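Hey, can you work out the whole structure from these sequences and the hints?
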Amino acid sequence: MRTKATAIGAALAALAVLCAMFATSASAAPAWKFEAKSLEGSEVILGGALDSSLTIPGLTTKCENFLYKLSIKNEAGTGKGEVTEVPLYNCTTNSEVCAVSKIGAEKLPWPSKLTTVSTSPYIIIEGVKVGIIYSGEECAVDGILVAVTGTAGGLINNTTEIATFDKSSFAATGTALKALSSTIEWNGVFPTEAFQWHREQALSVS
Amino acid sequence: MAQRTGAERLLASPAKGTSAGAALALVLAALLLGGCGGSSAEPGESSSTTSPAAAAQGQAALAEAEPGAQAQGGSQAQGGATNQSPAAPGAGEAPQSAGKHGPRVPQPKGAPEQAPTPAQIANATVADISLTSPSLPPGAGGPAPLPPTYTCDGDGKWPALAWSGVPAGTSELILYAMNIAPVEGQLYVDWAVAGIDPALTGIEAGKLPKGAVVGTNGAGKRGYEICPEGAETYLFALYALPRPLSPEPGFDARELRRRILELSGNVGLYAASYERG
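Residue numbers (my numbering), protein chains in the order written: chain A, 687 to 892; chain B, 8 to 284.
Think of the hints as simulated: they come from the structure by calculation, not from any bench. Being a predicted model, the structure only gives us computed values, none of them experimental. Using N, Cα and C, we set each Cβ at its ideal position, and we do this for glycine too. Don't take every hint at face value.
Some chain B residues near chain A, calculated using beta-carbon distances under 8 Å [stated by the list, open to error]:
| # | residue |
| --- | --- |
| 1 | Pro115 |
| 2 | Lys116 |
| 3 | Pro119 |
| 4 | Val133 |
| 5 | Val274 |
| 6 | Leu276 |
This is the structure in structure tokens:
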């Protein structure tokens, strides 16, 4: 009887190890889901932020609307994607004498992938490049082209379907955007929804 | 014969202890089918949602199939388990749609901004020179704090500056220190030094390199002066010119800057801040 109990205990311990391995691998590679079902094929999602801001040391650039169009798919159970369009609207600076003359995403598409950090899902967008030309005769950066480059990591909240890019999401994912050799701050809260096959469906990653 | 461990016995001799083996097999099957509670299967996700038939019908079919499976609980349950973010600024302000789970992407107003064209990039002064100061501590993501010694509260000397990435063929380097915020609506220049040898990769604190020419700053002085009334952020700029401007000593710093920008050269920028106590 005692031997039988030992055998059961050992087997359950082995199962627990197996289960832990499965659980770890599942959380390490989140997939795109609609209505809790893994995405099959591809989809286009749209994210749009109100009041997204980007601070180059000393000068903050704000855009009233900051959209991104992301083509997504699951590869071997892991969510991947490509940012294909990043239109920006009504961008201004916090300086009364500096205007944003030109601003736009460059070198699209930007590859993206999902990852998990401490049980929370994140989207990582690589190869980010945004070019900005400022103007204003009395502006210290008049006529200067500044390029913002790097990798951006945003926290995905499955309940609200919102991706949040801020200081803590960059720190959690070990990502950074740089301009003028310095790390810059970028804050954006992006409600996100499907644009193609899964319109109106709940979007989540896990 | 050495006595086997419990695990070995379970694997090697299923005939003995049949009841225990069968029970464990059932447990194993149940756990694996159930995903051990940690697989990608979601709460509320039935086995039919991943049926081969549904998969074969493709994306359009997937979008329309099994309306019953589109329970609100899908993403909500996940969020509760693992995805509670700290209160994101503005998250609560996301526009909501009555007929949909999640938020609607806000509709932008007006036309999108235009990216710089190749011609505009060619005419711009490109900020691709790395400029920094070994005299200043790191700014932790923001402007570097300027120690008092580099202001009117101290020795009033300029900090050491170091740079890299000056393009080949540069004829002249010119350094500026400017207030980022305008003074009475105008650009305020705190310091301007022209005639710097393009071969140099930096200047020492308070020492001008050979051949350097100092312009007239916003205070009407030929020199460097950082002396804010309160808090101020300054921009150090190193302009690399494709052809020389070679201004005379005491040059008008604001006027020279206009001529610099017309040359469409390159620039390095470095921000520093100071607050008088």
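Violated constraints from the hint list, given by number and in increasing order: Violated hints: none; all satisfied.
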